[in-house]
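> Residue numbers (the UniProt record's numbering): 1 to 454.
I should point out that these hints are in silico values taken from the structure, not numbers from a laboratory. Hints are supplied without guarantee of correctness; some may be wrong.
To be verified - Listed below are the simulated DSS-like cross-link pairs for lysine-lysine, each with C-alpha atoms no more than 30 Å apart in a straight line: (1) K354 to K390; (2) K452 to K117; (3) K365 to K126; (4) K390 to K173; (5) K117 to K427; (6) K311 to K209; (7) K209 to K186.
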Amino acid sequence: MRGGICMVGKRFAQANNPYISDSYDSSVDRSYILALDCVNLYGYAMNMSLPYDHFAWMTSEEVQTFDIFGTTPDSPQGFILEVDLEIPPSLHDEQNDLPMAPEHLNITYDMLSPYSKRLCDQFQLKNTLPAKKLTPNFYPKKNYVVHYLNLLFYLQQGMILLKIHRILVFSQKPWLKEYIEFNNKKRNESNTATEKLFFKKLNNAFFGKTMQNVRKRINVRGALTQNVNQRLLSSPCLDYFEPINENFTLFKIRKPNLYLDKPIYIGFCVLELSKLRMYDLYYTNFKKYYKNSCDLLYMDTDSLYLHIHTKDVYADLKRHFSGVLDLSNFPTDHVLFDNTNRGKLGTLKNEICKPIREFVGIKPKMYSVLYGENDCKQAAKGVRSSTLTKITHMNYKTVLTEESKLRHMQYSILSKKHVLETVVQNKTSLSAYYDKKFVCEDGIHTLSYGHKDI
């Protein structure tokens with residue numbers, strides 16, 4: 001299973017936007033920063049044809065004659081393949097922002113750039129490696145399991161199919177479409193945030209049920225007597241126990257019988273098709289039109305932050321991208337306002353409608369966006385919201401440019417052995433260290449692992 005992609009592509013960008021008069025420089029090429037969010041991405045994927053019956057492995061003869069280019073999204077049969085793939089070096093520069101076929105990569109210290117090694121040593125982070133992370137890369141793919149529509153897209157973008165190991169064929173149809181569209185319609189008609197969230201959760205909850213790992217389920221038992229203690233301690237299903245006091249012990253007991261009754265094949269296909277949508281939006285639309293004038297700054301599952309060099313990005317969006325954009329959240333007097341695609345699944349909506357001045361992306365889930373007069377949108381994973389309010393956009397820039405880290409005192413109320421206590425942490429709130437990509441010496445530009453220039 002591969003979830004959503006979260007990574008930083010280019011760690012700093014400053015817009016030269018004529019609509020921001022106090023920072024615009026007419027002697028320099030114009031550039032713009034966009035923050036785009038895909039409307040109900042998983043709902044979009046669940047709206048497509050999904051497996052429901054007649055699962056079977058293809059014979060070796062059928063595998064040899066299988067033609068991936070003869071398949072269609074709405075065909076009655078779908079396929080999940082196990083393949084070997086590679087990306088030719090000639091495409092490494094073109095696809096460095098977002099290489100095809102992302103996979104979980106075991107990132108070791110030797111793979112890091114000199115920049116990242118220096119910070120890893122300075123911050124004493126060697127004990128965090130190796131680390132397994134989902135990251136797009138250029139390494140050859142061996143025994144890569146992929147949905148047939150994703151594979152078709154990857155091959156159309158230049159990937160080379162080396163070998164097909166096996167193919168699972170199944171019957172498919174858009175059997176969830178009516179349910180998803182009903183929830184989406186009700187969500188668009190809702191007048192309160194609670195109602196909107198309710199209908200969004202109805203879709204997400206269904207998806208979550210298809211992904212449940214029943215192997216992680218446990219029973220929690222309490223023991224008050226010596227006899228019960230001994231019986232539970234001798235159980236072959238014992239996972240962990242914790243004495244609460246001298247008279248009471250809690251036991252985590254694994255379930256003796258597991259029923260693998262969750263349709264994880266649906267969850268797999270939804271995850272694959274959602275990534276396909278994001279790849280398609282980026283490469284078939286923005287990268288195809290702007291080519292090298294478009295950089296991917298940041299991606300987080302259903303979000304794209306882009307740095308685009310063009311004369312007027314707003315005119316471009318209106319003229320060339322209106323079919324894939326939901327422009328309904330712009331002010332009604334804005335040149336881009338359009339209600340045509342309001343709430344349409346799989347379209348891109350502007351997260352920030354005001355002109356964006358700067359983007360600083362230190363690592364996944366740790367970024368700052370400066371927009372409007374001096375408004376700021378920030379994220380720092382693991383940092384409490386009360387602490388985040390003390391961190392400024394300039395702090396992010398300083399940490400990045402000075403290759404440093406920032407610490408804050410963080411107060412939490414935690415429960416340990418069912419006893420509440422106040423914990424004070426001197427937590428690292430920001431850190432310039434980043435290991436999901438090969439960071440160049442300027443600390444801003446990056447190369448995907450496996451790139452020909454590394």
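> Does each hint hold? Answer for all of them.
Results of checking the hints against the structure:
1. K354 to K390: Satisfied, since the Cα-Cα distance of roughly 23 Å is no more than 30 Å.
2. K452 to K117: holds, 20 Å
3. K365 to K126: Roughly 21 Å separates the two Cα atoms, so the pair holds.
4. K390 to K173: Not satisfied, since the Cα-Cα distance of roughly 50 Å exceeds 30 Å.
5. K117 to K427: Roughly 22 Å between the alpha carbons, so the hint for K117 and K427 holds.
6. K311 to K209: violated, 47 Å
7. K209 to K186: It holds: about 22 Å lies between the C-alpha atoms, which stays within 30 Å.
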